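Top line first, the protein sequences correspond to chains A and B.
First residue of the first sequence? That's 1 in full-length UniProt numbering, and the numbers climb one at a time after it.
First residue of the second sequence? That's 1 in full-length UniProt numbering, and the numbers climb one at a time after it.
These are computed hints drawn from the structure, not numbers from a lab.
Model, not experiment: these values are computed from the prediction.
Errors might be hidden in some of the hints.
Straight-line distance between alpha carbons at most 30 Å, and here's what the computed BS3-like set of lysine-lysine pairs gives [claimed, not checked]:
| # | chain 1 | residue 1 | chain 2 | residue 2 |
| --- | --- | --- | --- | --- |
| 1 | A | LYS380 | B | LYS380 |
| 2 | B | LYS338 | B | LYS122 |
| 3 | A | LYS122 | B | LYS338 |
| 4 | B | LYS380 | B | LYS338 |
| 5 | A | LYS338 | A | LYS380 |
| 6 | B | LYS122 | A | LYS338 |
| 7 | B | LYS122 | A | LYS380 |
| 8 | A | LYS122 | A | LYS338 |
Just the calculated beta-carbon pair ranges, DEER-fashion [unchecked claim]:
| # | chain 1 | residue 1 | chain 2 | residue 2 | range |
| --- | --- | --- | --- | --- | --- |
| 9 | A | VAL365 | B | ASP188 | 46 to 52 Å |
| 10 | A | GLU355 | B | ALA255 | 41 to 47 Å |
| 11 | B | ALA235 | A | ARG65 | 52 to 58 Å |
| 12 | A | PRO376 | B | ALA131 | 42 to 48 Å |
The beta carbon of each residue, even a glycine, is placed where N, CA and C say it ideally should be.
2 protein chains.
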Amino acid sequence: MAERLIVVGGDAAGMAAASQARRRRNRDDLSIVAFERGHFTSYSACGIPYWISGVVPDRDQLIARDPVTFRESFDIDIRLRHEVTAIDLERREVIARDLAGGGEVREGFDTLMYAAGAVPVKPAWARTDAAGVFGVQTLDDGAALLDWLEREPRPRRAVVIGGGYIGVEMAEALIQRGLTVDLVEQADQPMSTVDGDMAELVADAMRGIGIHIRTGLTVTGLEERDGRITAVVTAEGPMPADVVVLGLGVRPNTALAESAGLPVGPTGGIRTDRRMRVPGVPGVWAAGDCVETLHRVSGMPVHIALGTHANKQGRVAGINIGGGYATFPGVIGTAVTKVCDLEVGRTGLRERDAETAGFEFVSVVAESTNRAGYYPGARKMAVKLIAERPSGRLLGAQIVGWSEAAKRIDTLAVALWNGMTVDAMTALDLGYAPPYAPVWDPVLIAARKAVDALAGAER
Amino acid sequence: MAERLIVVGGDAAGMAAASQARRRRNRDDLSIVAFERGHFTSYSACGIPYWISGVVPDRDQLIARDPVTFRESFDIDIRLRHEVTAIDLERREVIARDLAGGGEVREGFDTLMYAAGAVPVKPAWARTDAAGVFGVQTLDDGAALLDWLEREPRPRRAVVIGGGYIGVEMAEALIQRGLTVDLVEQADQPMSTVDGDMAELVADAMRGIGIHIRTGLTVTGLEERDGRITAVVTAEGPMPADVVVLGLGVRPNTALAESAGLPVGPTGGIRTDRRMRVPGVPGVWAAGDCVETLHRVSGMPVHIALGTHANKQGRVAGINIGGGYATFPGVIGTAVTKVCDLEVGRTGLRERDAETAGFEFVSVVAESTNRAGYYPGARKMAVKLIAERPSGRLLGAQIVGWSEAAKRIDTLAVALWNGMTVDAMTALDLGYAPPYAPVWDPVLIAARKAVDALAGAER
Chain A
1 MAERLIVVGG DAAGMAAASQ ARRRRNRDDL SIVAFERGHF TSYSACGIPY WISGVVPDRD
61 QLIARDPVTF RESFDIDIRL RHEVTAIDLE RREVIARDLA GGGEVREGFD TLMYAAGAVP
121 VKPAWARTDA AGVFGVQTLD DGAALLDWLE REPRPRRAVV IGGGYIGVEM AEALIQRGLT
181 VDLVEQADQP MSTVDGDMAE LVADAMRGIG IHIRTGLTVT GLEERDGRIT AVVTAEGPMP
241 ADVVVLGLGV RPNTALAESA GLPVGPTGGI RTDRRMRVPG VPGVWAAGDC VETLHRVSGM
301 PVHIALGTHA NKQGRVAGIN IGGGYATFPG VIGTAVTKVC DLEVGRTGLR ERDAETAGFE
361 FVSVVAESTN RAGYYPGARK MAVKLIAERP SGRLLGAQIV GWSEAAKRID TLAVALWNGM
421 TVDAMTALDL GYAPPYAPVW DPVLIAARKA VDALAGAER
Chain B
1 MAERLIVVGG DAAGMAAASQ ARRRRNRDDL SIVAFERGHF TSYSACGIPY WISGVVPDRD
61 QLIARDPVTF RESFDIDIRL RHEVTAIDLE RREVIARDLA GGGEVREGFD TLMYAAGAVP
121 VKPAWARTDA AGVFGVQTLD DGAALLDWLE REPRPRRAVV IGGGYIGVEM AEALIQRGLT
181 VDLVEQADQP MSTVDGDMAE LVADAMRGIG IHIRTGLTVT GLEERDGRIT AVVTAEGPMP
241 ADVVVLGLGV RPNTALAESA GLPVGPTGGI RTDRRMRVPG VPGVWAAGDC VETLHRVSGM
301 PVHIALGTHA NKQGRVAGIN IGGGYATFPG VIGTAVTKVC DLEVGRTGLR ERDAETAGFE
361 FVSVVAESTN RAGYYPGARK MAVKLIAERP SGRLLGAQIV GWSEAAKRID TLAVALWNGM
421 TVDAMTALDL GYAPPYAPVW DPVLIAARKA VDALAGAER
């Protein structure tokens with residue numbers, strides 16, 4: 001009889017694992033059942049802000065692979081609208097509730113892939129039945145928000161709570177739809193994924209498109225009338241709102257895993273080894289937004305919910321479940337986004353992370369351009385480097401620029417990944433042609449400036 | 001008395017060296033005299049095609065730093081229109097001819113920086129006094145060509161000889177100016193800096209904008225009438241031409257150096273050590289388009305004339321002359337260009353280079369997109385990887401894509417620089433957001449495909 005793999009969660013990590021396992025083992029060797037509580041498999045949650053803004057017109061464009069593909073091409077028994085409610089490690093079975101048809105199913109497993117994803121952070125004050133309050137984690141969230149935005153009376157005043165990637169992207173999307181937008185952030189800057197000096201460049205761009213930024217402001221409640229949201233209550237008084245978007249981030253979805261006894265680390269994510277096995281629990285694997293992972297620079301566990309990690313981790317788990325060998329070596333915190341035409345990239349540690357991790361360091365910001373200064377379309381770009389002293393090892397990098405900027409963070413990410421020093425980086429052979437870079441690439445200019453700063457710091 | 005540094009050649013390498021030396025040593029310690037036979041210092045030869053096309057309207061935009069800056073800010077005695085005609089290592093002096101004023105000057109030196117650049121390859125048949133034949137190496141070349149293009153009777157039929165970067169860029173520039181353009185290439189493909197499969201994508205784009213490509217065709221002469229060029233003679237007959245652009249590449253300008261006894265390597269470039277010293281010749285340094293350098297992947301010397309290398313090498317020499325310590329660790333052959341909107345990047349070895357160097361390898365081409373497939377503006381991108389077998393070490397990479405493609409070669413260049421295997425590359429933490437990449441970045445997709453090819457090759 002075939003071995004049975006059960007996958008809890010049918011999004012990026014779970015389906016990547018299932019597909020990779022299937023590539024290596026056929027149905028006679030491994031049967032695969034995947035439970036997904038939502039309506040969809042493998043969709044791009046990162047694309048939701050662009051769907052809301054109208055840049056991406058159709059929801060289905062966000063769906064990478066539909067269940068039919070998984071069933072027919074991969075021979076995976078994918079069961080949508082089924083929520084796994086219990087995992088019994090002793091009896092090697094899961095219990096799932098059929099959210100559509102009602103009733104429960106029990107399925108035995110030999111191998112379990114836990115990929116339940118993340119759940120939005122939702123403080124007590126945000127728990128309301130009032131209409132007009134939305135998360136933006138799932139396609140269903142997005143559909144509900146779009147419906148609200150298009151229904152009469154049309155909302156005109158939006159408040160976005162939280163100034164991280166999703167908050168900033170949603171604020172831009174709502175501006176593009178013609179709403180007035182306040183963005184409320186508890187910290188002293190939005191986009192706190194980069195340091196304050198770089199975040200200020202982003203905040204300027206946000207203000208430039210009409211987003212009202214309210215930093216250092218704590219939300220304490222929501223006001224409603226006749227079942228509709230009317231205002232966000234803050235320490236400085238109420239802010240009127242016809243629609244409220246919660247962008248407070250996510251946390252690992254581990255309730256079920258913890259009940260079953262799977263180990264959870266200091267970040268709240270499930271612990272795994274390098275092969276994505278759950279340590280001490282034979283035959284159980286975990287991957288994606290529900291796990292914590294190693295930050296390769298700080299050496300500490302982190303929880304970063306991002307599709308690209310989920311896909312990689314799922315692939316690694318699937319290769320291993322399939323009888324192959326693969327490891328996931330951790331992350332370095334690379335991320336990119338944009339606010340209108342302003343592009344933002346980051347990798348590694350911010351200054352505060354470097355301090356927390358105990359590093360001594362210098363940091364520099366080098367101003368340059370994306371193209372040769374004389375080439376049409378040359379726009380400003382700021383590259384920040386954080387380098388350990390006295391070693392000169394790169395610890396982190398940030399880029400903010402107006403065009404062709406964000407993905408240059410990859411160059412720095414690969415340098416960081418390989419433990420390069422800023423001194424060694426000054427010699428890197430990067431592509432040069434006037435439409436693409438000054439003769440000293442912005443990355444090299446920043447590396448040179450960091451070398452000078454290190455020399456100065458040692459004097 | 002101050003030590004005397006003489007710089008032969010006042011472009012990128014020479015002036016980078018002079019500036020860096022000056023940063024570390026003041027005029028009382030080091031006097032600096034730089035001889036430049038042309039009219040300009042530190043200009044962007046790479047920008048000439050964009051000046052010819054009109055994209056960059058003004059010649060002076062291509063001049064990075066003028067002589068006044070070097071004299072006043074750096075205290076460098078820069079002498080334009082002075083051609084060094086002899087170097088006497090015994091007597092430690094150079095002789096320079098004043099091309100403008102006439103006469104000769106002799107200057108003694110303690111330290112010599114040889115940075116005489118490159119000279120265009122010009123076969124015997126190309127030596128003509130006929131008007132209408134142009135190189136495009138110097139600003140003077142560019143000015144002469146522009147003058148010819150704008151003078152009556154206006155040229156309408158251009159033939160560009162040579163299908164490398166400069167030939168392809170000049171062909172595009174001339175199309176943009178409204179000329180008909182034939183591009184003649186002796187090899188079986190233009191843009192032979194990438195492999196044939198990738199070059200074919202470039203050739204398609206060139207044909208798409210109306211460039212007539214003639215490959216496998218040898219030029220044997222030029223025809224003229226009344227002192228004007230009328231045709232290019234080839235093995236297949238004459239090709240009518242009102243203007244001929246020679247894009248046959250350059251070779252190191254070493255005549256003077258060789259007369260003085262400086263050692264020249266197998267590529268024809270001057271040999272240097274890692275600090276840019278000329279070995280066996282105390283007090284003499286060399287950098288830029290006149291030297292050969294180490295290719296870090298093949299381990300063999302190469303001659304690559306490119307402003308970015310010249311600047312880096314000059315900087316290294318100048319730091320060392322200034323009493324500091326720096327090394328130039330070699331190159332990996334990274335280059336980028338574009339043909340209209342098609343972007344081309346390359347790094348490391350092509351297939352033929354890998355064969356020449358004796359490597360066994362697999363190569364793969366992965367098709368992907370620059371953005372998430374659903375994000376507006378997503379365009380096709382092909383990433384080629386060449387990986388050693390069985391080790392999996394990356395040996396080379398090429399990218400051809402329609403938008404936001406070329407500079408992604410830097411990601412691969414840094415991976416190659418650090419000796420990464422394609423297997424390790426599949427785990428790289430690269431920036432992901434829908435406007436910038438699919439959830440599997442094109443670089444990662446290619447790495448995965450290379451891993452599969454390696455596994456297949458070992459079966």
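Hint check:
Using a Cα cut-off of 30 Å, the hinted pair LYS380 (chain A) and LYS380 (chain B) holds, with the two alpha carbons roughly 27 Å apart. Taking the CA atoms of LYS338 (chain B) and LYS122 (chain B), the gap is about 25 Å. The hint holds against a cut of 30 Å. Pair hint LYS122 (chain A) plus LYS338 (chain B) does not hold up; C-alpha atoms about 49 Å apart against a cutoff of 30 Å. A threshold of 30 Å between alpha carbons decides the hint, and for LYS380 (chain B) with LYS338 (chain B) the separation of about 15 Å falls inside it, so the pair holds.
A hinted pair counts as satisfied when its Cα atoms are at most 30 Å apart, and LYS338 (chain A) with LYS380 (chain A) qualifies at roughly 15 Å. Taking the CA atoms of LYS122 (chain B) and LYS338 (chain A), the gap is about 49 Å. The hint is violated against a cut of 30 Å. Restraint check for LYS122 (chain B) and LYS380 (chain A): not satisfied, since their Cα atoms lie roughly 40 Å apart, outside the 30 Å limit. Restraint check for LYS122 (chain A) and LYS338 (chain A): the C-alpha separation of about 25 Å stays at or below 30 Å, so the hint holds.
Separated by about 48 Å at the C-beta atoms, VAL365 (chain A) and ASP188 (chain B) satisfy the suggested range of 46 to 52 Å. One distance hint, 41 to 47 Å for the beta-carbon pair GLU355 (chain A) and ALA255 (chain B), is violated here, with the actual separation near 58 Å. The given range of 52 to 58 Å is respected by ALA235 (chain B) and ARG65 (chain A), whose C-beta atoms sit roughly 54 Å from each other. Separation of PRO376 (chain A) from ALA131 (chain B) is about 31 Å and departs from the stated range, judged on CB atoms against 42 to 48 Å.
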